[in-house]
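2 protein chains.
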Amino acid sequence: MDYVSVKEGETDLVVPSSFVPKKRDPVFYNPHMELSRDVGVAVARLTKPVTYCDALSGSGARGIRVAKEAGAKVTLIDLNPVAIELARKNAVENGVEVEAIHDNCNTVLSSRKFDFVDIDPFGPPVRYLDAAMSAVRSQGVLGVAATDTSALCGTYPGACQRKYDATPLRCDCFNEVGLRILLGYVARAALRFSYGMTPLFSHVTRHYMRLYARVDRAGGAVKESRKNVNYFVYRFSDLDRRFVTLNELAEGDFKGYNVAGPLWTGPYSDVDFTLRLADELAQPQYSKGKVASEIARLVSEEQGVAVPYFNLHKLCETKAASPPRMQFVFDELKRRGFLASRTHMEPLGIRTNAPVKEITGLIG
Amino acid sequence: MDYVSVKEGETDLVVPSSFVPKKRDPVFYNPHMELSRDVGVAVARLTKPVTYCDALSGSGARGIRVAKEAGAKVTLIDLNPVAIELARKNAVENGVEVEAIHDNCNTVLSSRKFDFVDIDPFGPPVRYLDAAMSAVRSQGVLGVAATDTSALCGTYPGACQRKYDATPLRCDCFNEVGLRILLGYVARAALRFSYGMTPLFSHVTRHYMRLYARVDRAGGAVKESRKNVNYFVYRFSDLDRRFVTLNELAEGDFKGYNVAGPLWTGPYSDVDFTLRLADELAQPQYSKGKVASEIARLVSEEQGVAVPYFNLHKLCETKAASPPRMQFVFDELKRRGFLASRTHMEPLGIRTNAPVKEITGLIG
Chain A
1 MDYVSVKEGE
11 TDLVVPSSFV
21 PKKRDPVFYN
31 PHMELSRDVG
41 VAVARLTKPV
51 TYCDALSGSG
61 ARGIRVAKEA
71 GAKVTLIDLN
81 PVAIELARKN
91 AVENGVEVEA
101 IHDNCNTVLS
111 SRKFDFVDID
121 PFGPPVRYLD
131 AAMSAVRSQG
141 VLGVAATDTS
151 ALCGTYPGAC
161 QRKYDATPLR
171 CDCFNEVGLR
181 ILLGYVARAA
191 LRFSYGMTPL
201 FSHVTRHYMR
211 LYARVDRAGG
221 AVKESRKNVN
231 YFVYRFSDLD
241 RRFVTLNELA
251 EGDFKGYNVA
261 GPLWTGPYSD
271 VDFTLRLADE
281 LAQPQYSKGK
291 VASEIARLVS
301 EEQGVAVPYF
311 NLHKLCETKA
321 ASPPRMQFVF
331 DELKRRGFLA
341 SRTHMEPLGI
351 RTNAPVKEIT
361 GLIG
Chain B
1 MDYVSVKEGE
11 TDLVVPSSFV
21 PKKRDPVFYN
31 PHMELSRDVG
41 VAVARLTKPV
51 TYCDALSGSG
61 ARGIRVAKEA
71 GAKVTLIDLN
81 PVAIELARKN
91 AVENGVEVEA
101 IHDNCNTVLS
111 SRKFDFVDID
121 PFGPPVRYLD
131 AAMSAVRSQG
141 VLGVAATDTS
151 ALCGTYPGAC
161 QRKYDATPLR
171 CDCFNEVGLR
181 ILLGYVARAA
191 LRFSYGMTPL
201 FSHVTRHYMR
211 LYARVDRAGG
221 AVKESRKNVN
231 YFVYRFSDLD
241 RRFVTLNELA
251 EGDFKGYNVA
261 GPLWTGPYSD
271 VDFTLRLADE
281 LAQPQYSKGK
291 VASEIARLVS
301 EEQGVAVPYF
311 NLHKLCETKA
321 ASPPRMQFVF
331 DELKRRGFLA
341 SRTHMEPLGI
351 RTNAPVKEIT
361 GLIG
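As you go down the protein sequences, you meet chains A and B in turn.
Per our numbering, residue 1 is the first one in the first sequence, and the count goes up by one each step.
Per our numbering, residue 1 is the first one in the second sequence, and the count goes up by one each step.
Check each hint, because a few of them may be wrong.
Remember, identical chains collapse to one label, so a pair may be satisfied in a single copy or spanning two.
[To be verified] Simulated pairs of lysine-lysine, DSSO-like, Cα-Cα distance not exceeding 30 Å:
| hint | residue 1 | residue 2 |
| --- | --- | --- |
| 1 | 334 | 357 |
| 2 | 227 | 255 |
| 3 | 89 | 7 |
| 4 | 334 | 314 |
| 5 | 255 | 357 |
| 6 | 48 | 288 |
| 7 | 89 | 288 |
| 8 | 319 | 357 |
| 9 | 334 | 290 |
| 10 | 223 | 319 |
| 11 | 48 | 7 |
| 12 | 255 | 319 |
| 13 | 48 | 113 |
| 14 | 48 | 314 |
| 15 | 319 | 7 |
| 16 | 73 | 290 |
| 17 | 113 | 255 |
| 18 | 223 | 7 |
These aren't lab readings, by the way, just hints derived from the structure by calculation.
Sequences are here, hints too, so could you generate the full structure?
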């Protein structure tokens with residue numbers, strides 16, 4: 001295998017030269033994840049963990065950056081001996097000391113404690129989460145990614161039910177439902193370990209979903225977490241939608257609706273933290289900082305409305321009308337006293353607390 | 001600490017003399033669990049695992065009996081060094097070779113494979129199940145106990161929601177709902193690891209619930225498992241009840257009903273296996289075999305009806321009537337063409353496929 005040098009943030013990394021990851025490549029480094037790692041480093045700089053575990057480290061890009069750029073005491077774990085060897089070399093090259101362990105991450109996580117645990121798998125994170133929960137300290141931070149977006153977004157509902165113990169929905173806001181299923185899954189795993197979960201920052205891209213959340217053993221946090229895991233009902237004929245509790249689902253009349261969940265129905269990011277994150281990412285050392293900072297700023301605006309976004313074109317299809325300009329819809333909704341914002345999840349998305357009838361009233 | 005010798009099945013064990021377990025006792029041996037261990041040994045003799053892991057072994061009573069009486073290659077794990085030392089001595093005394101590991105069981109389970117994994121905790125099993133799933137081979141057997149029956153049965157609904165990610169119900173069949181929540185939880189954990197789960201034998205007592213289930217990676221088993229995790233609706237005014245899917249819950253009108261679940265709605269024991277288990281337990285070497293065999297025989301009869309049992313006295317309370325004789329109710333229901341049996345879960349329990357109106361029609 002050939003290697004090349006790349007620079008990410010303030011860190012120099014030796015990585016396999018075949019940038020497009022192939023199944024048989026023994027060491028995994030994905031250049032498309034640079035934005036994700038920029039965000040991860042920025043989150044670590046803001047949350048200041050003393051100990052940080054990159055539990056599926058590959059050649060160590062994320063963990064070594066956190067050691068160098070956020071000053072944490074970093075542990076890297078990977079089952080691939082070639083990856084761990086390369087990670088050790090990369091650490092030395094960057095003048096940072098890291099602990100690099102060649103083992104199954106669940107074995108290590110089951111017997112250790114960290115302030116920050118990051119789970120960055122290729123595929124779903126579910127099989128690592130219980131071990132991660134046992135390893136993260138109360139008031140610590142958990143970073144979780146999922147790359148099986150097709151399961152979470154409802155292309156393969158059976159796979160989502162099996163892995164995430166939740167029903168997805170291929171609707172106009174499919175990726176928000178997917179992100180909320182992922183958040184809900186993490187919250188439910190946290191509750192097994194007597195932790196409440198509070199999202200700090202979450203975002204979706206075409207290829208992965210990502211969340212950073214604080215876990216806390218305090219009774220208030222646990223209670224709040226439990227309150228935020230519920231269900232989603234959705235009607236395809238007019239795109240009406242709402243979050244409901246299990247009891248509301250039973251008591252209400254939802255004939256003609258589809259059900260998704262259980263999923264997270266609270267804010268998927270903390271506004272205050274996300275604004276600080278946007279400022280941090282605007283610093284010049286982040287290679288993808290400009291884009292990432294813009295995403296964070298938009299995410300902070302989105303938290304005012306709890307209802308999943310509407311896709312303008314899908315709304316127009318229900319009335320067989322041609323779509324108006326986005327700005328017109330935003331202006332009109334605000335003029336009528338509703339909240340309305342764009343969403344980082346979809347260029348045609350409208351996040352609003354207006355009932356669906358109000359929005360379709362503006363169309364055609 | 002003082003020790004005494006006891007004989008269980010064909011195995012001689014040295015155990016702490018303070019039989020009533022206290023929190024500060026360093027080695028755990030519970031004489032009230034002898035029936036549970038008789039059943040466990042019988043299940044092992046019928047399923048013939050080559051490798052068996054007693055993952056929370058205490059002083060080794062269960063695992064050493066399985067080594068001696070079922071001939072399996074046994075691994076014992078306990079975090080308590082005194083317990084493991086005693087387990088080693090007990091193995092030598094009984095002339096069996098066992099592997100006794102002093103460690104966190106999740107650490108060991110994450111990196112090993114076994115044909116049979118038994119999780120026998122003091123409290124809930126949930127934090128061990130993901131590790132157990134990663135350790136049990138396809139077509140292997142999982143034994144799982146829970147002693148936090150007050151959470152599963154709905155005395156502490158918040159604790160059940162937190163730990164088992166399910167809503168319990170303090171109704172007339174509270175312990176069946178609890179057992180089905182436990183089974184449902186194990187099935188959902190199995191699905192995370194691409195396993196379907198088929199219960200072999202489950203039973204409830206006042207102090208614990210127990211299940212033995214086969215896990216299988218085959219597509220058919222996975223699909224069947226998913227179909228069997230659903231919800232339970234229950235009306236306190238007339239004790240009407242039924243299992244419903246998530247979609248039925250949304251589409252139906254269940255105003256005035258309470259909802260429990262998700263829970264296992266399939267048979268909670270395999271009739272064929274349970275009858276063989278009853279025969280096995282009737283052998284003279286089992287100290288509690290007679291009682292255990294009777295329970296197994298009753299459990300096998302119960303599997304004909306999928307609806308949770310009715311409590312005759314609670315039914316009578318809804319009509320402010322005095323209760324008829326149990327036998328009269330069974331005879332009348334059968335005469336009208338319904339199935340009806342007793343249940344091992346409750347002396348006043350009636351397991352029947354008759355609608356609640358048919359049963360209350362026989363009262364008062």
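Each hint, compared with the structure:
When the C-alpha separation of residue 334 and residue 357 is checked against a cutoff of 30 Å, the pair qualifies only within one copy, where the shortest distance is 15 Å, while the shortest distance between copies is 55 Å. For a Cα distance limit of 30 Å, the shortest separation of residue 227 from residue 255 qualifies both inside one copy, at 25 Å, and across copies, at 21 Å. In this assembly of identical chains, the alpha carbons of residue 89 and residue 7 lie at most 30 Å apart only when taken from the same copy (15 Å versus 58 Å across copies). With identical chains, the CA atoms of residue 334 and residue 314 are at most 30 Å apart within one copy only, with a shortest distance of 21 Å there and 56 Å across copies.
In the homo-oligomer, the alpha carbons of residue 255 and residue 357 lie at most 30 Å apart both inside one protomer (19 Å) and across protomers (27 Å), since each shortest distance falls under that limit. For the homomeric pair residue 48 and residue 288, the shortest alpha-carbon distance inside one copy (21 Å) is at most 30 Å, but the shortest distance between copies (58 Å) is not. In this homomeric assembly, residue 89 and residue 288 come within 30 Å of each other (Cα to Cα) only inside a single copy, at 25 Å, whereas the closest approach across copies is 61 Å. Proximity of residue 319 and residue 357 under a CA criterion of 30 Å is satisfied intra-copy only: 11 Å inside one chain copy versus 48 Å between copies.
Taking the shortest alpha-carbon separations for residue 334 and residue 290, only the intra-copy value of 28 Å comes in at or below 30 Å, while the best inter-copy value is 75 Å. Taking CA atoms no more than 30 Å apart as the test, residue 223 paired with residue 319 passes in neither setting, with 42 Å inside one copy and 38 Å between copies. For the homomeric pair residue 48 and residue 7, the shortest alpha-carbon distance inside one copy (23 Å) is at most 30 Å, but the shortest distance between copies (57 Å) is not. When the C-alpha separation of residue 255 and residue 319 is checked against a cutoff of 30 Å, the pair qualifies only within one copy, where the shortest distance is 21 Å, while the shortest distance between copies is 33 Å.
In the homo-oligomer, the alpha carbons of residue 48 and residue 113 lie at most 30 Å apart inside one protomer (16 Å), although the nearest pairing across protomers, at 38 Å, exceeds that limit. In this assembly of identical chains, the alpha carbons of residue 48 and residue 314 never lie at most 30 Å apart, being 43 Å within a copy and 57 Å across copies at closest. Proximity of residue 319 to residue 7 under the C-alpha cut-off of 30 Å is found in neither arrangement, the shortest distances being 51 Å within a copy and 78 Å between copies. Taking the shortest Cα distances, residue 73 and residue 290 sit within 30 Å of each other inside one copy (27 Å), while across copies they are farther apart (59 Å).
Taking the shortest Cα distances, residue 113 and residue 255 never come within 30 Å of each other, neither inside one copy (48 Å) nor across copies (47 Å). For the homomeric pair residue 223 and residue 7, neither the shortest alpha-carbon distance inside one copy (44 Å) nor that between copies (47 Å) is at most 30 Å.
In summary, the structure is inconsistent with hints 10, 14, 15, 17 and 18 from the numbered list given earlier, while agreeing with the others.
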